[in-house]
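A.B. asks: Here the protein sequences line up with chains D and W, keeping their order. In terms of the working numbering, the first sequence is numbered consecutively and its last residue is 981. In terms of the working numbering, the second sequence is numbered consecutively and its last residue is 601.
Rather than coming from a laboratory, the hints here were simulated on the basis of the structure. There's no promise every hint is true.
For lysine to aspartate or glutamate, the following EDC-like pairs were computed, each having C-alpha atoms within a straight-line distance of at most 20 Å [unchecked claim]:
{"no.": "1", "chain 1": "W", "residue 1": "K323", "chain 2": "D", "residue 2": "D905"}
{"no.": "2", "chain 1": "W", "residue 1": "K230", "chain 2": "W", "residue 2": "E108"}
{"no.": "3", "chain 1": "W", "residue 1": "K447", "chain 2": "D", "residue 2": "E601"}
{"no.": "4", "chain 1": "D", "residue 1": "K623", "chain 2": "D", "residue 2": "D819"}
{"no.": "5", "chain 1": "D", "residue 1": "K573", "chain 2": "W", "residue 2": "E434"}
{"no.": "6", "chain 1": "D", "residue 1": "K573", "chain 2": "W", "residue 2": "E436"}
{"no.": "7", "chain 1": "W", "residue 1": "K447", "chain 2": "D", "residue 2": "D819"}
{"no.": "8", "chain 1": "D", "residue 1": "K573", "chain 2": "W", "residue 2": "E108"}
{"no.": "9", "chain 1": "W", "residue 1": "K337", "chain 2": "D", "residue 2": "E934"}
{"no.": "10", "chain 1": "D", "residue 1": "K530", "chain 2": "W", "residue 2": "E108"}
{"no.": "11", "chain 1": "D", "residue 1": "K573", "chain 2": "D", "residue 2": "E601"}
{"no.": "12", "chain 1": "W", "residue 1": "K561", "chain 2": "D", "residue 2": "D568"}
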Amino acid sequence: MRGKKTGLVFFPAFDWAISPTHPEREERLLYTRDQIFEEGVLDLPQIKEYAPRLATVHDVARTHFCVPRVQSQVTEAHLIAAGSALLLADAVVSGEIKNGFALVRPPGHHAMRVVHGNRGFCNINNEAILVEYLRRHHGIRRIAIVDSDVHHGDGTQDIFYHDPDVLFISFHQDGRTIYPGTGFPHELGGPGAYARTINIPLPPGLGDETFHYVVDNLILPILRDFQPEFIINSAGQDNHYTDPLGSMRFTAWGYAEFTSKLKPHLAVLEGGYAIETALPYVNLAILLALAGLDYSRVREPDWPGAVKENPDRVSRVKRMVDQLLRVWEERDNIDIEKIFGRGPFYERQKKIFYDTDYIEEEQLERVRRCPSCPGYITVDSQGVRGYSYSTRVFCVSVPFQACGACQAEAYDAYERAKGLDVYQYVYLQDKSTDTFFSFERDKKREWVSEGPKVGE
Amino acid sequence: MHIGIDVGGTFTDAVLMDKGLVKAVAKIPTSRDLLTSLLQALDAVMQGVGGEQVERVVFSTTLITNMIAEKKYDPVGLILIPGPGLDIGLFRFPGEVRVVQGAIDYRGREIIPLNMEEVDRVADDLAARGYRKVAVVGKFSCRNYLHEKKVAERIQRRFPEWKLELGHQVAGQLNFPRRVVSTYLTCATREKYRFFVQSVQEAIGQRGIRGKIFILKADGGTLPLEGSQEVPMETIFSGPAASTLGVQALLPPGETAVVVDIGGTTTDLALILSGQPLLASKGAKVDDMFTHVRALAVKSVPVGGDSVVERVGRDIILYSERLGPPYCLGGPMPTPTDALRVLGLTKLGDPERARQAMNLLGAPLGLSPEGVAERIIRQVVETVVEEIENMFSSWEQEPAYRVWEVLQKKKVRPGTVVGVGGGAPGFISQIAARLGCSPVIPPYAPVANAIGAAVARPTIQITLRADTEQGYYTVNEEGFQGQLDDPAFNEEKALNLAKRWLAWRANRYGLENSVQEVELLRKEVFNMVRDWVTVGRLIDITIQTPRGILYHVGGGRERGVEE
Ligand SMILES: [Zn+2]
Ligand SMILES: [Zn+2]
């Protein structure tokens, strides 16, 4: 049962910045505020504004392994941004609102499962925290995340790569031409979640027409098949034609039209750094689209008219859409062993660079290939800051849907790692019981976070 | 000596105060002619006092409220310059709306120019339909008034007799639809208000009063009568402001209290947080339309001493209507007042008729008159308590846009429930008990509103916004736009400039004595960074003279209903 209103949390964090001249700074949502206030949107009966709230450290620990601990990676601004998404989700689930827009900063979609620092302006992943929260507190299992930021949502992809119940779709500017350099069509998810990750890299310069070709011919058909109980939009706005970081040519209208087709339960702001020429208009248009109001009159002052798209690039995208659609349709008939090999574990080696904090991380991720559940995950991670300072940690994650055998094995793995001297910190995240442990080698101490019980 | 007069819907109350002591009070029925009521009340408290002894008269008026409610004003045409954005059809605007081309953006830059031929056509059209009053309002006109001014100049040249009202002069805050409504209502009411002000000035002059005359505003501040002609809309809803300030004056400083004003058909609730009346975060709703009028956060609950009570099946139901006086006072239907009478909580009316009223309701249910009476009181109390809880929680739920604002939010609950108004004595103890507070019915509770008017302070405010990259600044309240020549203009200079404007404005209103103290209400400073280089600053500062009351009355909490 859905309410009639669209919920909004507007949290511009006017007193928070990564650094004074960084794109992620106080001024970012200032003109968006001016536009939204001046239009009088918040007086409309279709829209309900909520005061933000803080996520708990426990909510963060349910999703991330923060090194050394949650408190050292997040500021209050991060907890407010994540908490605002949770608050709106609560209101959607309770039927108070039909959908919501967390118009908040700082963003989060580049934050991965293990967090050594800030990368791509993100510390913690607002959408991923929301997914785990929805499962724990509202029993929602099948969730789709559609990422419309110009940058690949590599953090979200990393967190749900082995989760068959989370469909992650990201379209973005081709990784060969932009940060973070990933998000290619062959990145399709792990052996237990094949084709639950879909990436559509777009050649630079394409506009609304191709954008909507992808939406109509790939994203919407996949969503119709997947039948998610909850749809989240990682609503980055840096595909806009004026964005200083991206090279795409989308408009505010294109974004709004996409929103009204996708019908997300929750849109969460991600990137978008054309703070004057794009954000005021794109944010307004998205909000109107969510509320089912007319957005056709929202137009950028320097709107150039329809973009002339390069036909070669357009046909490249169309071919890719066809291929990906076939992959999706064949996902259950595919020979998984041919792609991923055999054996009790599937392993990935990863090198991750934290551009904001200059940290280089090396990871060995292993997932248990279990016939009765998505399998537990271990991550052996070493973060190197400069040449001298490095932290090596071992992380064990028990998925929400874990079987008893995996849970037991995971606890064993945690205990074993605690006895190994190489790890400064060892973590166990048991999503099936909502209990999180962390062990600090030098102090020989263990912390447990059990969080509030369901229903509290 | 100070005089306070609150012209209410039913009664006009007045007090004469001397150095914090109440010297005389008066309560007279409000007649159709507001001026008559005002002067009757004035004369009643001035008996034996010479006009030359009166230093200050503050009064409230329902003139504008009545005028709007009864739609007794000339038709107003609206010329809007909304530009791209929201479909203005989403808002219900009063009057005849005409849209012209043009647009200004959030930093005051012109993005679509005006088309003067179109302006002429629209003006001709309105003229042909007989309009002589026209409001011109543009989106973002508070950031740049260029378009509004150009349109007005063009029209005024061709129709010199027209009364024009410009949006940026009425409302300098963001929110275009509210600016439209506020400008419309100002345009509609200004002429009649001016006439009223002149009549009051004459009448008071005839009584030999040389002191200053002020009018109470919805936000609890006052303005000199003369100056209030600029902002007639701010005089609406001053009744609840008057009672709230009265309670503030009657309580010890610094208390957190709920003010419960129980009348015949409605109960008005207001909050005093740490000694200051709570202002609504957004402008008031007038005639079911949102405006920019600053008002105290007042909640009107449709229940009072005269509300009709009926039995439906096995239930006893409290309605929001009034069908006459209570049964014990000869009315047709049982009411909460009859319940109070039966329980001995009021001395109003005939006790036998009150019992009859309770029996009408209770006999078929086998309930004693006392049993019915208790049930009715409980319902009234529950309704009011629920609304008080809602007020506090919606205050806590106010959006916050900064990290520190989110972190400092805490749960605040009142310590005191203060009853004013006729119905207060019977209900206040029970409302307070339900909220875990102490009940207070202050001395002079029946004329708390007039006391509030007497002690209200003049307030003036200045909002200055500077854009150093574009080199200009605006002063919202004055509708002023000027150049910034100083290349080193900064926060400190902006504050000083704002203070100079505040002093200038105070002077203009004849309030030069009230700017010794200045409160900083809001400050926003944003560095504008383009390509990693700071290219300018946006500085937004609001300052005001201190809000509040001139003095407290007596010792405050003297007559609690419970020991
Ligand atoms: Zn981005
Ligand atoms: Zn398993």
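A.B. asks: Work down the list of hints and note, for each, if the structure agrees.
C.D. replies: Structure-based check of all given hints:
This hinted pair does not check out: W:K323 and D:D905 have alpha carbons roughly 60 Å apart, beyond 20 Å. The straight-line distance between the Cα atoms of W:K230 and W:E108 is roughly 14 Å, inside the 20 Å bound, and the hint therefore holds. Between the alpha carbons of W:K447 and D:E601 the distance comes to roughly 14 Å, so the proposed pair stays at or under 20 Å and holds. Distance check on the hinted pair: D:K623 and D:D819 sit about 17 Å apart at the alpha-carbon level, within 20 Å; holds.
With a CA separation close to 15 Å, the supplied pair D:K573 and W:E434 stays within the 20 Å bound. A threshold of 20 Å between alpha carbons decides the hint, and for D:K573 with W:E436 the separation of about 12 Å falls inside it, so the pair holds. This hinted pair does not check out: W:K447 and D:D819 have alpha carbons roughly 35 Å apart, beyond 20 Å. For the hint pairing D:K573 with W:E108, the CA-to-CA distance comes to about 31 Å; that exceeds 20 Å, so the pair is violated.
Simply put, W:K337 and D:E934 have alpha-carbon atoms about 60 Å apart, too far for the 20 Å limit, and the pair is violated. A hinted pair counts as satisfied when its Cα atoms are at most 20 Å apart, and D:K530 with W:E108 does not qualify at roughly 33 Å. Restraint check: the Cα-Cα separation between D:K573 and D:E601 comes to about 24 Å, which exceeds 20 Å; the hinted pair is violated. Proximity of W:K561 to D:D568 is assessed by CA-CA distance (about 24 Å); at most 20 Å being required, the pair is judged violated.
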